[in-house]
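Hints given; two lone chains; assemble the complex.
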Amino acid sequence: MQRHPSTLEPTRPRRRNRWVLVGGLLGGIALLTMLLAFGLSRDPTVIKSPLLGKPAPEFSLRTLDGSRTVQLSQFRGQVVVINFWASWCIDCRVEHPALTAAWDRYRDQGVVLLGIPFGDRAADSRTYLAELGGAWPQLVDPGERTAIAYGVYGVPETFVIGPDGLVAYKRVGGVVYGDLIDQIERLLPGQQA
Amino acid sequence: MRSGRRLPWSAAALAGVLLVAAGALAMVALRGPSTPGTMNDRVRAVASTLRCPVCQNLSVADSPSRLAQQMRTTIAEELRAGRTPEQIRSGFSASYGEWILLAPPKRGLDLIAWLAPLFLVAGALGAGIAAVRRWTAGHTVGPHRDTVDVASASSLTTADRRLLERALRAAAEESE
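So the protein sequences, as listed, match chains A and B. With this note's numbering, the residue at position 157 of the first sequence is 157, and numbering never jumps. With this note's numbering, the residue at position 19 of the second sequence is 19, and numbering never jumps.
I should point out that these hints are in silico values taken from the structure, not numbers from a laboratory. Even glycine gets a Cβ: it sits at the ideal position worked out from N, Cα and C. Be careful, since some hints might not be right.
To be verified - Derived DEER-like restraints, expressed as beta-carbon distance ranges:
#1 A113(B) - G24(A): 19 to 27 Å
#2 R107(B) - R16(A): 35 to 43 Å
#3 P142(A) - A103(B): 52 to 60 Å
#4 L21(A) - A11(B): 35 to 43 Å
#5 G133(A) - I112(B): 51 to 59 Å
#6 G66(A) - S65(B): 25 to 33 Å
#7 S67(A) - T84(B): 24 to 32 Å
#8 L21(A) - A22(B): 20 to 28 Å
Claimed, not checked - Here are the simulated lysine-lysine pairs, DSS-like style, with alpha carbons at most 27 Å apart:
#9 K106(B) - K48(A)
#10 K170(A) - K54(A)
#11 K54(A) - K106(B)
#12 K170(A) - K48(A)
Isolated chain B (complex conformation) (with noise of 0.2 Å):
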């Protein structure tokens, strides 16, 4: 911030409160759902990111369909077979491909599809403070002004103030 130019309390407060918002998001979306205990919960993890082949709509920890039952099964095993998830996976997307993937994969072009909201949050960003800028910029000594902000004019002794301020009052009163 220039010197001269003051951030309004309220504007301070919103940004705070924001940032912190954004922050406990960002935290969240970072670490991703807690790491499932149980076998149902680590089948359940697994099939949430597969998309059912018959209800394309859904994915295979929600469909009550016959094949992603059977899916489930599949899943099952072969965690208990000690194959990772990505392992298992990346089986599924050889069968049906990357179709089969509820999440497009972070490489090649799939990745702008998790790059563009990125550049997004950031563009508005820039475009809120740009904004934020120039409505405050309102608010500053400018060489033409028909508005003298008191409180900044900074080079008046107190008595030039006191001056100043008595003689807007009765500008305003005038007006009136």
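Same shape as in the complex, but just chain A (with noise of 0.2 Å):
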């Protein structure tokens, strides 16, 4: 700013004010800066979900051949996988084979899977199974409200539960068998015993 040299000398002071101000500034302008760094070097997509540790929610559905309905407290003690899916999603074909193994592999030892549909169609869905197999059972969730509990952002999605009934791991698109393998082994033993 330029200044009269007649106004010069009572603003010694406010100079050294304006050092402050200017050091103020800057180190406010770092502080964002490093904080705009820090979010962007961030992946914005993984969230972890707020259920892991917590009790799963409960549902009480309908299977999608009507011929009962599933609870998920009649399964406590058991390993429960959860897998949230729809016919018109690629990775859920891709996956599912992962889930048939799985099934094949733990079916007798009490592990639980279940499967629901989410934002599909009853029929496109038994077309689906049709398909591509998995004899595990199927719920219908109306409304969408047991996808929602859950935290639903799209299919595929995976939950694994622990026999004491909490959120074991949650898997956000396409299980990879081995593992959906160490999560269920790692809540077994607790379970034999």
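Put into structure tokens, the structure is as follows:
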């Protein structure tokens, strides 16, 4: 700022104030930049489910074939795998063999696998299952209430619930066989004891 | 304000207008939108504070997606069951995490998001006042001055002042 020479003298203390101001501003900008850099370096699509370690939301749903009602609490003491899927979802088709393999491997060890179609027409779900197979129970979720309670964003999403009824694992996107097996094995020994 | 320093009328008027505008804005901000009447309005009020899970940049109220539609149905059911908007919101954030809330909660680290604007406004006001003071300081009586504010030289008699004015006018004409 241009100043008249005559006003220079009484502004000495103001000079120091100005440096304090400039320093404060620069510090603030540096802080905000660091915050922005931190924010940008994180993947915003990775959101940890708040359900991990919490009791799995209870549900009571009809099976797709209408033969019976399945309640989550009836499986207390068992490892339960809940898979949200849809017939229109490509990743669901990709992960289907992994689910089938896990089901074949653990169905006799008391591990429960439940499928819940999400945003799907019942007829389309049935066609999909007829095509790809899968004998585990499929549950109809009216109004996507259960999916919302589980905080489902899209399909596929898979939850593994321990014998204690707590959510132990959540997978967003297609399951990987080895990964799913590890999660189930981790929870199984306590059940056998 | 120190005596001898006079705020120009225009500055006072501007300050007044700004104060009234700020007051009006603050009132609107504090009162928030009017309390919704119909069930649709009440659902909308809750849904507009929730982020749509599948189309992350829209609220549940604005999203046309099927899941958002289901969430609106859920909200309506819960409102009918007598749950408060706050309870419904915390239900959704128990499933989806605080991510689902469009406005961060007013506690913990999230409080920064609420307080930072207040500090910024206060800082800007302070800087504005300091700047105005500095600018107006140029018009007050100082030890080394080459201009004299005749009106504020109150210790002069009327005769002195007239003499001084005439002298100044003459000097101004001479320099032209």
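Tested hints:
no. : hint                          : verdict
1   : A113(B) - G24(A): 19 to 27 Å  : 21 Å, holds
2   : R107(B) - R16(A): 35 to 43 Å  : 38 Å, holds
3   : P142(A) - A103(B): 52 to 60 Å : 31 Å, violated
4   : L21(A) - A11(B): 35 to 43 Å   : 22 Å, violated
5   : G133(A) - I112(B): 51 to 59 Å : 52 Å, holds
6   : G66(A) - S65(B): 25 to 33 Å   : 28 Å, holds
7   : S67(A) - T84(B): 24 to 32 Å   : 39 Å, violated
8   : L21(A) - A22(B): 20 to 28 Å   : 23 Å, holds
9   : K106(B) - K48(A)              : 21 Å, holds
10  : K170(A) - K54(A)              : 12 Å, holds
11  : K54(A) - K106(B)              : 24 Å, holds
12  : K170(A) - K48(A)              : 9 Å, holds
Consistency note: the structure conflicts with the earlier hints numbered 3, 4 and 7.
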